[in-house]
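Asks: Please put together the full structure from these sequences, using the hints given.
Mapping of the sequence shown onto full-length UniProt numbering: position 135 corresponds to residue 135, and the numbering continues sequentially without gaps.
By construction, these hints were calculated from the structure, which means they are not laboratory data. Careful: at least some of the hints might be erroneous.
Stated by the list, open to error - No farther apart than 25 Å at their CA atoms in a straight line, the calculated lysine-lysine pairs in the DSS-like style are these:
{"#": "1", "residue 1": "Lys-116", "residue 2": "Lys-88"}
{"#": "2", "residue 1": "Lys-352", "residue 2": "Lys-292"}
{"#": "3", "residue 1": "Lys-352", "residue 2": "Lys-334"}
Stated by the list, open to error - Cβ-Cβ distance ranges computed for the label pairs, FRET-style:
{"#": "4", "residue 1": "Asp-396", "residue 2": "Ser-147", "range": "47 to 53 Å"}
{"#": "5", "residue 1": "Arg-368", "residue 2": "Arg-406", "range": "27 to 33 Å"}
{"#": "6", "residue 1": "Val-199", "residue 2": "Asp-152", "range": "43 to 49 Å"}
{"#": "7", "residue 1": "Ala-296", "residue 2": "Lys-256", "range": "29 to 35 Å"}
{"#": "8", "residue 1": "Arg-291", "residue 2": "Arg-368", "range": "18 to 24 Å"}
{"#": "9", "residue 1": "Lys-397", "residue 2": "Val-199", "range": "26 to 32 Å"}
{"#": "10", "residue 1": "Ala-305", "residue 2": "Met-331", "range": "21 to 27 Å"}
{"#": "11", "residue 1": "Trp-311", "residue 2": "Gly-407", "range": "51 to 57 Å"}
{"#": "12", "residue 1": "Ala-436", "residue 2": "Lys-397", "range": "33 to 39 Å"}
{"#": "13", "residue 1": "Ala-60", "residue 2": "Arg-245", "range": "51 to 57 Å"}
{"#": "14", "residue 1": "Ala-22", "residue 2": "Lys-397", "range": "35 to 41 Å"}
{"#": "15", "residue 1": "Met-331", "residue 2": "Asp-401", "range": "44 to 50 Å"}
{"#": "16", "residue 1": "Lys-408", "residue 2": "Ser-108", "range": "51 to 57 Å"}
{"#": "17", "residue 1": "Arg-139", "residue 2": "Glu-412", "range": "36 to 42 Å"}
We treat Cβ as the ideally placed atom computed from N, Cα and C, and that holds for glycine.
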Amino acid sequence: MTDEKTPGGPSGQDLVEQLKAAGQLDALLAQIDAGNVELTGDGGFVPALVKAALERGLQAELSSHLGNEKGSEDASKHANSRNGTTPKTVQSEVGPIALDVPRDRAGSFTPRLVPKGQRRLGGLDDMIISLYASGVTIRDIQHHLASTLGTDLSHETISNVTDAVLEEVSAWQARPLEEFYPVLYLDAIRIKIRENSQVINRAAYIAVGVDLDGVKHVLGIWVPDTEGSAFWAHVCADLANRGVRDVLIVCCDGLKGLPEAVEATWPDSMVQTCVVYLIRAATRFVAYEDRKKVAAALKPIYTAASEDAAWAALVEFETSSLGQKYPSIVMTWKNSWDRFVPFLQFPPMLRKVIYTTNAIESLNYQLRKVTKNGGHFPSTDAAVKLLWLAICNIEDKRAADRARDRGKPANERKAQGRLVEGQVVSNWKQALAQLAAAYPDRITPYL
Numbered sequence: 001m002t003d004e005k006t007p008g009g010p011s012g013q014d015l016v017e018q019l020k021a022a023g024q025l026d027a028l029l030a031q032i033d034a035g036n037v038e039l040t041g042d043g044g045f046v047p048a049l050v051k052a053a054l055e056r057g058l059q060a061e062l063s064s065h066l067g068n069e070k071g072s073e074d075a076s077k078h079a080n081s082r083n084g085t086t087p088k089t090v091q092s093e094v095g096p097i098a099l100d101v102p103r104d105r106a107g108s109f110t111p112r113l114v115p116k117g118q119r120r121l122g123g124l125d126d127m128i129i130s131l132y133a134s135g136v137t138i139r140d141i142q143h144h145l146a147s148t149l150g151t152d153l154s155h156e157t158i159s160n161v162t163d164a165v166l167e168e169v170s171a172w173q174a175r176p177l178e179e180f181y182p183v184l185y186l187d188a189i190r191i192k193i194r195e196n197s198q199v200i201n202r203a204a205y206i207a208v209g210v211d212l213d214g215v216k217h218v219l220g221i222w223v224p225d226t227e228g229s230a231f232w233a234h235v236c237a238d239l240a241n242r243g244v245r246d247v248l249i250v251c252c253d254g255l256k257g258l259p260e261a262v263e264a265t266w267p268d269s270m271v272q273t274c275v276v277y278l279i280r281a282a283t284r285f286v287a288y289e290d291r292k293k294v295a296a297a298l299k300p301i302y303t304a305a306s307e308d309a310a311w312a313a314l315v316e317f318e319t320s321s322l323g324q325k326y327p328s329i330v331m332t333w334k335n336s337w338d339r340f341v342p343f344l345q346f347p348p349m350l351r352k353v354i355y356t357t358n359a360i361e362s363l364n365y366q367l368r369k370v371t372k373n374g375g376h377f378p379s380t381d382a383a384v385k386l387l388w389l390a391i392c393n394i395e396d397k398r399a400a401d402r403a404r405d406r407g408k409p410a411n412e413r414k415a416q417g418r419l420v421e422g423q424v425v426s427n428w429k430q431a432l433a434q435l436a437a438a439y440p441d442r443i444t445p446y447l
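Replies: Right, dumping it as structure tokens:
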């Protein structure tokens, strides 16, 4: 099960087609059609085929270990020899498989195909992790394996399988990063974590960096015990310790304490409040029937050619009937003004890159669909583990879909592009040129 297909060898589908052409599958297919043979489950054809393949592989391993084939005439010339078999049941993605594992008299044979102590084949672990990454709870994974495969695994076993990726998560969280990211996006997803018999609402913060080639990368996931300047100082220090020497623009959703932490770590960086977030915050208490009119009235503010023009547009809105009806909107914009106006100094192409954290919000939308199924997490480590697995799972599925679409005409391709990791920012070359014109001393050393 763990051996890879020989490069250039026939695929499984090729072999099936060969057997069909030779007429060797007709009798089996007739039995399946008649309902006399089950494909999966106890006594099924597929588990029996896997059993035969594994036992043949184990016998081949033992032959290699002993230096002779089973039944060979010179077997008696060797000091070690075969010594029957030991029964062993392993769980697999096609159900439980009862194996007869061969032994040698010296007890020196150590199988590699099904190692000693292993009770699950690798494919089953992959299935469990994939289900978990899709937001399926451990209890539901138990039920799924039992009802579809006849495989009964304990809650602890399934949890241990998913915990096996924690080392990978830790390595990913500590991996070295690029020295320079022109743009860094920060956003949060709300999750629930159980602490001391209480379920507490927490924010899981995700950072996405855009490198000099315009490629987006998920840099890290953090779940703080407390939010504020101390936490953001920790996040910035973590990024700096992993190699980030400079960031031009940090785009976020009005996070308290972040601007100070960013400026302390990278003194020349600019913190930009997400304009979309600002619009949402300003219209939170606007009546439904007025929302379109308010959105249209606010557009001249964030599309203004300069800060003076934006301020004039805000004053005009304040004196309008909508501004009089909703004074909280004006107050929201005024309170956020210092962190809103920086991007107005840039040309339109660059504004499109930094005015919103939608780069992460699209990711968070997918992650919310995964996290809502589980209700709450037993720990922050469990939350980070699932979020990381979910990101990997989403990108892997999209990559598989794109691979299936490869070679098809454009109008027949249905696969989605990359969600975040590896995605290239639209019109990045023009935006980078505008950044280089604005910050030549900071970008040139990294080009």
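Asks: All hints, please: hold or fail.
Replies: Status of each hint after checking the structure:
1. Lys-116 with Lys-88: 10 Å, holds
2. Lys-352 with Lys-292: Given that 25 Å is the threshold and the Cα spacing comes to 21 Å, the pair holds.
3. Lys-352 with Lys-334: Distance of about 22 Å is within 25 Å: holds.
4. Asp-396 with Ser-147: 47 to 53 Å: 25 Å, violated
5. Arg-368 with Arg-406: 27 to 33 Å: 30 Å, holds
6. Val-199 with Asp-152: 43 to 49 Å: 29 Å, violated
7. Ala-296 with Lys-256: 29 to 35 Å: With a Cβ separation near 30 Å, Ala-296 and Lys-256 satisfy 29 to 35 Å, so the hint holds.
8. Arg-291 with Arg-368: 18 to 24 Å: 23 Å, holds
9. Lys-397 with Val-199: 26 to 32 Å: Roughly 30 Å apart at Cβ, these two residues keep to the hinted range, so it holds.
10. Ala-305 with Met-331: 21 to 27 Å: 24 Å, holds
11. Trp-311 with Gly-407: 51 to 57 Å: 54 Å, holds
12. Ala-436 with Lys-397: 33 to 39 Å: 36 Å, holds
13. Ala-60 with Arg-245: 51 to 57 Å: About 54 Å separates the Cβ atoms of Ala-60 and Arg-245, which means 51 to 57 Å holds.
14. Ala-22 with Lys-397: 35 to 41 Å: 36 Å, holds
15. Met-331 with Asp-401: 44 to 50 Å: Since Met-331 and Asp-401 have Cβ atoms about 46 Å apart, the given range 44 to 50 Å holds.
16. Lys-408 with Ser-108: 51 to 57 Å: For Lys-408 and Ser-108 the Cβ distance comes to about 53 Å; the hint holds.
17. Arg-139 with Glu-412: 36 to 42 Å: Since the Cβ atoms of Arg-139 and Glu-412 sit about 40 Å apart, the hinted range of 36 to 42 Å holds.
Going down the numbered hints, you'll see the structure goes against 4, 6, while the others check out.
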